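Asker: Now for the letters of each chain:
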Amino acid sequence: MGPFVPDIISSEMNLVVALLIGIGFGFMLEQAGFSSSRRLAGLFYGYDFTVLRVFFSAAITAMIGIMVLGYAGLLDTEAIYINPLWLWPAVVGGAIMGVGFILGGYCPGTSICAAAIGKIDALFFIVGIFGGVFVFAEMFPSFETFHFSSSFGPQRVYDALSMSPGVFSFVLIAFALIAFAVTEMIEKRVNPNAPSRAFHSRRHMIAAGVVLLVGAMLISLPDRKSRIIAAVSTTDYVNVHEVKFMSADELAFRIVDGEANVQVVDVRSAEEFKLLALPRSINVDVRGLFAKEWNRAFARRHVTKVVVADANAEAVTAYHVLEKLGYENIAVLDGGLERFKREILSGDSGTPDGLHAQDVAEFRASAGPEITRLIEAERNKPAPVEKKAKKVAGGC
Amino acid sequence: MMQTTETKYMNPYLAGFLLGIVLLLSIFITGRGLGASGAIKDGIVAIVGTVAPEHAAASPYYGPYIEQSHGHPLKSWLVFELIGVVIGAFVSGLVSDRLAFRSEGGPRIQNRTRWMFAIIGGALFGIGAQFARGCTSGAALSGMAVLSSAGFVTMMAIFGTGYLVAYFFRKLWI
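Protein chains in written order, with our numbering: chain A, 5 to 400; chain B, 412 to 585.
Just chain A, same shape as in the assembly (with noise of 0.2 Å):
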């Protein structure tokens, strides 16, 4: 599942790709006519809309790649790297980089591409941007207030408009096909020799159709945690799949013996989780069950990954989810953790029947209070050190 850094792929190689992936990007906006400064300042004249084609196009492509691999489970979309926003320093910066555009006839990315083409406006363009970062720098503490003002973190522009990320896609789809359309009708009056005059209009007609299409069908597009999480959860998958329980004897027992082939994977609420945790139990929500940060702890197989809930309902879903995920070796508390407080923790266990009643109640007697002791210890211990996911850095 991707992205592959920097899991598989290390920080080294990264780089290598990175001159990769910039070989592309340099030779398709070289393609695209992004080397010439006049085609790219026709977009705020009206005589040539290229840089919106290909700005548009690019973008939806790469934003409906993301939910298909996303939906299909090859990508971790929780992993990527999300700008992180600072409303008013992005509108100022923006606004200053629009008049920067018109004066300049370029943007950074195609300045370079434009310079290695042999375009001298593109050398003093460049030369310009490397000394605004550095009028920026020095002058930075004047407006380091301001430059951290507004943080509204990695914030998705669907979450901010309350809408569904399938929902959005389709509206910007939509959006884009009908800019296309508009700036061709512009484009072919302001300019008797429009790039748009020599476009095959049928096929062009087809493709939107198309995309559109797509467009349409990501909005039904439920991401996998959810489409997963629902289907495990029906009432016909959970009466045909069995599910592997393991007492709250067992686990005490394994518990006190101190096995390494035990991981108790808590699925209650981080505050629930606070106030009581099983001794070296993780605490992941169902949700949290698919993020790739737990790949290597649960693939495990010569380890019981035990769900605890409060009831038996929660943890055989995220039991199905953990197999229907691929991971083995599973089992459900059972009886979940209140039937464990209860048998064990509260020293008061009651009477146990069958053969070994005697036994069971000698046991439960000594682990309630081992087991309690592990659990204030860990308890005390300095504060565990968070399992944070390895986030992949970014930013321009």
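Hints in this document: simulated from the structure, not taken from any laboratory.
There's no promise every hint is true.
[Unchecked claim] Straight line, CA to CA, 30 Å or less: simulated DSSO-like cross-link-like pairs of lysine-lysine: (1) Lys192/A / Lys229/A; (2) Lys296/A / Lys486/B; (3) Lys296/A / Lys278/A; (4) Lys582/B / Lys192/A; (5) Lys328/A / Lys278/A; (6) Lys278/A / Lys229/A; (7) Lys582/B / Lys419/B; (8) Lys345/A / Lys278/A; (9) Lys419/B / Lys192/A.
[As the list claims (entries may be wrong)] Incomplete in silico selection of chain A near chain B, CB under 10 Å: (10) Gly28; (11) Leu73; (12) Gly77; (13) Phe150; (14) Val161.
None of the values given here were measured: they were computed from a predicted structure.
No residue lacks a Cβ here, since even glycine has one placed at the ideal position from N, Cα and C.
Following the hints, complete the assembly by docking chain B onto the known chain A.
Answerer: Structure of chain B alone, referenced to chain A:
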């Protein structure tokens, strides 16, 4: 006065689609999008760090970057990516026969004027990209692909302002 290029470019929608595939590959493999201005910032950090190391280390802007990069600001993802851009664009210019030393601009301006405005425009982009944490490629394009608010805000600010001020500088281009 100034010439325009009339060589054949790729169909823009197809070029955009393929560019989108490059961007998607970048996100799929490395978890991050494309960028450009960031590499120039790395360059400035490297230059200032070499010429005036004490000043750079003490600066609230350079300092953190020098620390992050373990003293090698040029050994960064974006710098390598930008070297790739130069190679890729050169190869494209070569196969499409567009390699030539020349300047481009509107029909009514001289080269000298064009160059002066190119420097000013570049400088504004350099400053603006620091505020917005990225330029057209890093903040706007890559940001839009991952549907970040920052990507859309930056995109609208760049192009919106472009349209607002275009009229006043029309002599540069038409």
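Asker: Kindly indicate which numbered hints from before are broken by the structure, ordering the numbers from low to high.
Answerer: When the structure is compared with the hints, numbers 1 and 12 turn out to be violated.
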